[in-house]
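Protein chains: 2
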Amino acid sequence: MNSANTKKKVRTAINPTRQENYPEWYQQVIKAADLAEVSPVRGCMTIKPWGYAIWENLQRALDDKLKATGHKNIYMPLLIPMSFLEKEADHIDGFAKECAVVTHTKLEKNAEGKLEPASPLEEPYIIRPTSETIIGEAFSRWIQSYRDLPLLVNQWANIMRWEMRTRMFLRTSEFLWQEGHTAHASDNEAIDETLKMLDLYADFVEEYLAMPVIKGEKSESERFPGAVNTHCIEAMMQDKKALQAGTSHYLGQNFAKAFNIKFLNNKEKEEFAHTTSWGTSTRLIGGLIMTHSDDNGLVLPPKIAPLHVVIIPMIHKEENRKNLEDYCEKLANDLRQQSFNNKAVLVEIDNRDLTGGERGWSWVKKGVPFRIEVGTKELDNNTVFVGRRDKDYKDRKVLPREDFINNVQNELNELQSSLLKRAHKFQQENTEVLNSKEDFYTYFTKGNQGFALAHWNGSTEIEEKIKKDLNVTIRCIPKVDNKEPGKCIFSGESSPQRVIFAKAY
Amino acid sequence: MNSANTKKKVRTAINPTRQENYPEWYQQVIKAADLAEVSPVRGCMTIKPWGYAIWENLQRALDDKLKATGHKNIYMPLLIPMSFLEKEADHIDGFAKECAVVTHTKLEKNAEGKLEPASPLEEPYIIRPTSETIIGEAFSRWIQSYRDLPLLVNQWANIMRWEMRTRMFLRTSEFLWQEGHTAHASDNEAIDETLKMLDLYADFVEEYLAMPVIKGEKSESERFPGAVNTHCIEAMMQDKKALQAGTSHYLGQNFAKAFNIKFLNNKEKEEFAHTTSWGTSTRLIGGLIMTHSDDNGLVLPPKIAPLHVVIIPMIHKEENRKNLEDYCEKLANDLRQQSFNNKAVLVEIDNRDLTGGERGWSWVKKGVPFRIEVGTKELDNNTVFVGRRDKDYKDRKVLPREDFINNVQNELNELQSSLLKRAHKFQQENTEVLNSKEDFYTYFTKGNQGFALAHWNGSTEIEEKIKKDLNVTIRCIPKVDNKEPGKCIFSGESSPQRVIFAKAY
Chain A
1 MNSANTKKKV RTAINPTRQE NYPEWYQQVI KAADLAEVSP VRGCMTIKPW
51 GYAIWENLQR ALDDKLKATG HKNIYMPLLI PMSFLEKEAD HIDGFAKECA
101 VVTHTKLEKN AEGKLEPASP LEEPYIIRPT SETIIGEAFS RWIQSYRDLP
151 LLVNQWANIM RWEMRTRMFL RTSEFLWQEG HTAHASDNEA IDETLKMLDL
201 YADFVEEYLA MPVIKGEKSE SERFPGAVNT HCIEAMMQDK KALQAGTSHY
251 LGQNFAKAFN IKFLNNKEKE EFAHTTSWGT STRLIGGLIM THSDDNGLVL
301 PPKIAPLHVV IIPMIHKEEN RKNLEDYCEK LANDLRQQSF NNKAVLVEID
351 NRDLTGGERG WSWVKKGVPF RIEVGTKELD NNTVFVGRRD KDYKDRKVLP
401 REDFINNVQN ELNELQSSLL KRAHKFQQEN TEVLNSKEDF YTYFTKGNQG
451 FALAHWNGST EIEEKIKKDL NVTIRCIPKV DNKEPGKCIF SGESSPQRVI
501 FAKAY
Chain B
506 MNSANTKKKV RTAINPTRQE NYPEWYQQVI KAADLAEVSP VRGCMTIKPW
556 GYAIWENLQR ALDDKLKATG HKNIYMPLLI PMSFLEKEAD HIDGFAKECA
606 VVTHTKLEKN AEGKLEPASP LEEPYIIRPT SETIIGEAFS RWIQSYRDLP
656 LLVNQWANIM RWEMRTRMFL RTSEFLWQEG HTAHASDNEA IDETLKMLDL
706 YADFVEEYLA MPVIKGEKSE SERFPGAVNT HCIEAMMQDK KALQAGTSHY
756 LGQNFAKAFN IKFLNNKEKE EFAHTTSWGT STRLIGGLIM THSDDNGLVL
806 PPKIAPLHVV IIPMIHKEEN RKNLEDYCEK LANDLRQQSF NNKAVLVEID
856 NRDLTGGERG WSWVKKGVPF RIEVGTKELD NNTVFVGRRD KDYKDRKVLP
906 REDFINNVQN ELNELQSSLL KRAHKFQQEN TEVLNSKEDF YTYFTKGNQG
956 FALAHWNGST EIEEKIKKDL NVTIRCIPKV DNKEPGKCIF SGESSPQRVI
1006 FAKAY
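Line by line, the protein sequences give chains A and B. For the first sequence, the numbering used here assigns the number 1 to the initial residue and increments by one for each residue that follows. For the second sequence, the numbering used here assigns the number 506 to the initial residue and increments by one for each residue that follows.
Only chain A is shown next, with the shape it has when bound in the complex:
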């Protein structure tokens, strides 16, 4: 954020700035990078090419990890019979309030010539808000014996939850996600899977999105409807609010009992399976934006950027055009021979009929890691004029052409790790250990309002009171190697370990 002693307002590409109005800054970053837009369908967004390319990169990297750990992709129906949702009591309670319901299968003109729904269904269908129920029904047929276990599947799909207050990427009525569903012969195996996927998510998000996360378990009130327990990864945004970036649920035998998922164990006895589910979504893109972007727009970690280097030819005299274009073409091709993260470096030349500044700033706003300007001077000296996205726009440097080419892999790696480091530092600087209720209330009213580590007795009533008073929730009970017990700062009762409180998205 702008340093406190800046006197003159610095001109920024995004207005308002983060400090002036964070939620509006977020919307403006999305708009300036042309990532997505609000659609005419209530609460649903349209993901535009730049936003979708980020999703595809993220999706491909995560998909590789899921396959490498033995999960296979499938595709289940979009619609779920209403009766399926009813079979697990907590589950239906959790989702009934936000279901898109399909009731008819035709449109017909009425007497006044107006189109209206016709052919009512005997049993309505729900557009999937998640697929545990329809997967449960399938598992009950696919699983017969312990030899069919573990069963490890995943699907990439669109999901619909009729949200009242929506915000692009963070909370939309329709979103894209992956949902893993597994069944196991024992509770231990299922719990191991739940934790393994939590680790996989944390590693993925840190490695690719450069977002440091805290792994932990949700309190009872924040559990997935129907789960025995829910684990999550929580990240800190630049406004110090928490974002839940992925969840992994141990479902126990709840869904197995609701859907009759049974197997013959190796002693020929029938048992209910133990199941898990876990998911991440397009919400990760919201997290990515709010973790790294600045007052000039999006900042992309190279590993998920749709473009690594943009080359901007500066043609001031027509007689130089051919030479400059050749120079840029050759530079682009040489860079494409270099590899980053086991793929070719992604390079484009921006030949648009706009000024150098207009072109440069458009890529700043889109978050491209490196911008290279090439004019007559660069051509004559065999150099490139390089801007790096996380540096000030004016902080550009001249480099020998060969040096930039040979170092591009290192530079991209360096940018990737420096974004993670910066975000990690920010998270640490804004995490505080609090030891009294008074300090706690002060912290979240007049204080830093980041992550607070405090002791808590496990009571839902206390959680509710804090939420009501401060709009602060328990983000997770963090996984720690050595639990340090203490006294709950609200009740004085004993507490097994500190938990993380924060305001959240």
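Do not rely on the hints blindly, as some may be mistaken.
As the list claims (entries may be wrong) - Distance condition first, Cα-Cα at most 20 Å in a straight line; then the derived DMTMM-like pairs of lysine to aspartate or glutamate:
hint	chain 1	residue 1	chain 2	residue 2
1	A	Lys365	A	Asp90
2	A	Lys87	B	Glu617
3	B	Lys611	A	Glu122
4	A	Lys114	B	Glu591
5	B	Lys619	A	Asp90
6	B	Lys870	B	Asp800
7	A	Lys106	B	Glu603
8	B	Lys619	A	Glu112
9	A	Lys109	B	Asp598
10	B	Lys611	A	Glu163
11	A	Lys97	B	Glu617
12	A	Lys67	B	Glu853
13	B	Lys614	A	Glu112
14	B	Lys602	A	Glu112
15	B	Lys930	B	Glu711
16	B	Lys882	B	Glu834
17	B	Lys611	A	Glu98
18	A	Lys65	B	Glu853
These aren't lab readings, by the way, just hints derived from the structure by calculation.
Got chain A; can you put chain B on it based on the hints?
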């Protein structure tokens, strides 16, 4: 198919055989390969891991081609406001009969405690049966000037059309597809795009799915609702029926006028854009099955197979286990060093506790290109015992280990091209030129019932009569370099060229 002079019934893995009952054979191939299954949601299927892996391969290959031709992926909302569908008169007429309609956004318990839809929507939404309308609305905002054109986008999405008679992969209420949507400054440019995408589809389907197709234009009665004209690729299945494998529509200014897609041309005058749309779907998997599979199950072209080589260790004595396992492991790794179609050869070892025959046949039914058995003899002689999927099960041969490894790329290429050749030969053998109405009726009642090339005067009434009499339709007016005019065999009137008639899926 079985040769006519086979006396004794050959044992087959799939029953019934193609000759005995083709539609049922198709269902049994899907079941035996574990590709997909009927779901509890009316008309919708569940795509299982083996089927979905094929879809992913197909999707990735096609996506690369779409990107290489300048198309960018986006994601539009699943739901379409009813009023959008109404804006193009032909379009709504075409889709009103098969729309899944969302009318409520909540479930609530009624007085008897029964769950029912609540919170009715003011305007119902339709689950997209295709996205021209919602894309049209977006294009009207995205396009302002000729500089914004051409606009070339694509999306991978699920689609819903409430079909009455469904068949897995071929016709399901929900299916997966890609839909391209483009806007252009002139009719010529848009027509060029339509034809370019048709060529791209034909090349892709032939190259990857080894399905020879005929490119052509649809007659008026088979046009996409709202299109000026529809182009298609048509393939012949082993029962000689036609399958429409992809379509490309020139939409003229119909959707531009309905959705107000206007641009300022380079003379500052406002014009309506010219748009196109084009799509292929999971139907391609149905086509793939019906083109290549035989009475022992699925046959996969290597370029879209999820697995190229399966290694089956034959461990008859425990003391050989370690040596055999090492041999297989090394063989698998050596094969994985080889490349096919610019990727590593895909190899798995099947160590399941089943007989060699059980394991071998399970991979036959799944269509894996090469099966390798390794027993003590192979170990001692440094050989492999190889079965190729398109050959008879018994027609296996012993090869030196190194020879198989060094030749695996060639072998996979050879199989790929031989499947295409075989299918092409079949199509040619079952295409006939017919010159009289009598011959035509005989051909489709007592004759070969393949593709008939005949002259036609362009009349929709004649088309309807033929459909009613014989259940035969015009599959396309094929693109030919030199049109040979003639006389319509039904009316005697003049005809610009022969068209293709066939029974169809």
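Results of checking the hints against the structure:
About 44 Å separates the Cα atoms of A:Lys365 and A:Asp90, which puts this hinted pair outside 20 Å; it is violated. Proximity of A:Lys87 to B:Glu617 is assessed by CA-CA distance (about 17 Å); at most 20 Å being required, the pair is judged to hold. Our distance criterion of 20 Å between C-alpha atoms is met by B:Lys611 and A:Glu122, whose separation comes to about 17 Å. Proposed proximity of A:Lys114 and B:Glu591 is supported: the alpha carbons are some 10 Å apart, at most 20 Å.
Our distance criterion of 20 Å between C-alpha atoms is met by B:Lys619 and A:Asp90, whose separation comes to about 16 Å. A distance of roughly 9 Å separates the Cα atoms of B:Lys870 and B:Asp800; the hinted pair therefore holds under the 20 Å criterion. At most 20 Å may separate the alpha-carbon atoms for a hinted pair to count; A:Lys106 and B:Glu603 meet this at roughly 5 Å. Our distance criterion of 20 Å between C-alpha atoms is broken by B:Lys619 and A:Glu112, whose separation comes to about 34 Å.
Under the criterion of a C-alpha separation no larger than 20 Å, the hint pairing A:Lys109 with B:Asp598 is consistent with the structure, at around 11 Å. As the CA atoms of B:Lys611 and A:Glu163 are separated by approximately 11 Å, the hinted pair is consistent with the 20 Å bound. This hinted pair checks out: A:Lys97 and B:Glu617 have alpha carbons roughly 18 Å apart, not beyond 20 Å. The suggested pairing of A:Lys67 with B:Glu853 holds, with an alpha-carbon distance near 14 Å, which does not exceed 20 Å.
Taken as a hint, the B:Lys614 and A:Glu112 pair is broken in the structure, with Cα atoms around 33 Å apart against an allowance of 20 Å. Under the criterion of a C-alpha separation no larger than 20 Å, the hint pairing B:Lys602 with A:Glu112 is consistent with the structure, at around 18 Å. This hinted pair checks out: B:Lys930 and B:Glu711 have alpha carbons roughly 14 Å apart, not beyond 20 Å. Distance restraint check for B:Lys882 and B:Glu834: the Cα-Cα separation of roughly 17 Å lies within the 20 Å cut-off, and the hinted pair is therefore satisfied.
Distance check on the hinted pair: B:Lys611 and A:Glu98 sit about 5 Å apart at the alpha-carbon level, within 20 Å; holds. With a C-alpha separation of about 18 Å, the suggested pair A:Lys65 and B:Glu853 falls inside the 20 Å cut-off, and the hint holds.
When held up to the earlier numbered hints, the structure conflicts with 1, 8, 13 and fits the remainder.
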